[in-house]
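Colleague: Following the hints, position chain W against chain X.
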Amino acid sequence: AQTVTQSQPEMSVQEAETVTLSCTYDTSESDYYLFWYKQPPSRQMILVIRQEAYKQQNATENRFSVNFQKAAKSFSLKISDSQLGDAAMYFCAYRSGSQGAQKLVFGQGTRLTINP
Amino acid sequence: DGGITQSPKYLFRKEGQNVTLSCEQNLNHDAMYWYRQDPGQGLRLIYYSQIVNDFQKGDIAEGYSVSREKKESFPLTVTSAQKNPTAFYLCASSKFWGGLPQQFFGPGTRLTVL
Numbered sequence: 014a015q016t017v018t019q020s021q022p023e024m025s026v027q028e029a030e031t032v033t034l035s036c037t038y039d040t041s042e043s044d045y046y047l048f049w050y051k052q053p054p055s056r057q058m059i060l061v062i063r064q065e066a067y068k069q070q071n072a073t074e075n076r077f078s079v080n081f082q083k084a085a086k087s088f089s090l091k092i093s094d095s096q097l098g099d100a101a102m103y104f105c106a107y108r109s110g111s112q113g114a115q116k117l118v119f120g121q122g123t124r125l126t127i128n129p
Numbered sequence: 082d083g084g085i086t087q088s089p090k091y092l093f094r095k096e097g098q099n100v101t102l103s104c105e106q107n108l109n110h111d112a113m114y115w116y117r118q119d120p121g122q123g124l125r126l127i128y129y130s131q132i133v134n135d136f137q138k139g140d141i142a143e144g145y146s147v148s149r150e151k152k153e154s155f156p157l158t159v160t161s162a163q164k165n166p167t168a169f170y171l172c173a174s175s176k177f178w179g180g181l182p183q184q185f186f187g188p189g190t191r192l193t194v195l
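Which chain is which? The protein sequence lines are X and W, in order. Just add 13 to wherever you are in the first sequence, counting from 1, and you've got this note's numbering. Just add 81 to wherever you are in the second sequence, counting from 1, and you've got this note's numbering.
Honestly, the hints are just simulated from the structure, not real lab data. Every value quoted in this text rests on a predicted model; they were computed, and no experiment measured them. By construction, the Cβ of each residue, glycine as well, lies at the ideal position given by its N, Cα and C atoms. Hints are supplied without guarantee of correctness; some may be wrong.
[As the list claims (entries may be wrong)] Listed below are the simulated SDA-like cross-link pairs for lysine to any residue, each with C-alpha atoms no more than 25 Å apart in a straight line:
1) K152(W) / S109(X)
2) K164(W) / L195(W)
3) K95(W) / S148(W)
4) K86(X) / K95(W)
5) K86(X) / A29(X)
6) K91(X) / L60(X)
7) K176(W) / A85(X)
8) K86(X) / Q122(W)
[Claimed, not checked] Over 12 Å on every C-beta distance to chain W, these chain X residues come out as not near it, computed from the model:
9) M24
10) N71
11) T73
12) S78
13) N80
14) S87
15) K91
16) D99
17) A100
18) N128
Chain X extracted, bound-state conformation (with noise of 0.2 Å):
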């Protein structure tokens, strides 16, 4: 079975500043996805980044980023120029690669606070 590992159950950075949230999976699948998903105290889960395992290109989008380590199958989030807005409980998620309905795997947790 797979697992998700959020090694950092509280992180905090400074506004305008950058940080990196980490992320190790488990896995004997060669064809997978990772995500980090947000949730802000509304308790809304919200998509932030998603990563095919075969790419070995890091997806990025505008201030967050990741480091996609397949071999040493870890997946860490950066998140630059922090703004107010960030502050939430990151997940970082896994989901097999194969068709159909496919259940997301989740980490523990981390959460974010940014200080002004």
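Modeller: Chain W in isolation, oriented as in the chain X frame:
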């Protein structure tokens, strides 16, 4: 606008009662999912459905039941057999074939057992 709705936002249940959480989507997605979120933990899968009239147990299905009579709807019933039902429940949906691989989430229902 397309999206997923869940109702109610807050739900209170007395011990021994069954309660049903609603989930509706108008994204034309084939697959729907129910997750449970407890404090300090990530989401865990309760049930999922790939097509109408078909559903499978997830990792923590005991004490829950679902139905999928319409493509748009996937209600979750929390039965009295669920020992610790107080939690935040999230419904999600995705395309079954093709489309984006990520799941889209509803706003959630907070269930509290009194």
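Colleague: Does the alpha-carbon distance linking K152(W) and S109(X) stay inside the 25 Å limit?
Modeller: Judged against 25 Å, a Cα distance of about 23 Å means the pair holds.
Colleague: Hint check: K86(X) vs A29(X), CA-CA at most 25 Å. Holds or violated?
Modeller: violated (29 Å)
Colleague: If you draw a straight line from the CA of K95(W) to the CA of S148(W), is it 25 Å or shorter?
Modeller: Holds. K95(W) to S148(W) sits at ~23 Å (cutoff 25 Å).
Colleague: Taken at face value, is the distance from the CA of L60(X) to the CA of K91(X) at most 25 Å?
Modeller: Cα-Cα ~15 Å, so holds.
Colleague: Does S87(X) clear chain W by more than 12 Å, comparing its Cβ with all Cβ atoms of that chain?
Modeller: Its Cβ never comes within 12 Å of chain W, the nearest being 18 Å, so this holds.
Colleague: Looking at N71(X) again, its CB stays over 12 Å from all of chain W?
Modeller: N71(X) clear of chain W: closest Cβ-Cβ about 17 Å, beyond 12 Å.
Colleague: Given the hint that K176(W) pairs with A85(X), does the C-alpha gap stay at or below 25 Å?
Modeller: violated (30 Å)
Colleague: So if I understand the rule, the pair passes when the alpha-carbon distance is 25 Å or less; does K86(X) with K95(W) pass?
Modeller: violated (44 Å)
Colleague: Is the hinted pair K86(X) and Q122(W) satisfied, with a Cα-Cα distance of at most 25 Å?
Modeller: Roughly 21 Å between the alpha carbons, so the hint for K86(X) and Q122(W) holds.
Colleague: Classify the label on D99(X) as holds or violated, using whether its beta-carbon is more than 12 Å from each beta-carbon of chain W.
Modeller: At about 19 Å from chain W, D99(X) clears the 12 Å cut-off, so the statement holds.
Colleague: Report holds if the minimum CB distance from A100(X) to chain W is greater than 12 Å, and violated otherwise.
Modeller: Given a closest Cβ separation of 18 Å, the condition holds.
Colleague: Beyond 12 Å from every Cβ of chain W: is that where the Cβ of N128(X) lies?
Modeller: Check passes; 22 Å lies beyond 12 Å.
Checked against the numbered hints listed earlier, the structure breaks hints 4, 5, 7; every other hint is satisfied.
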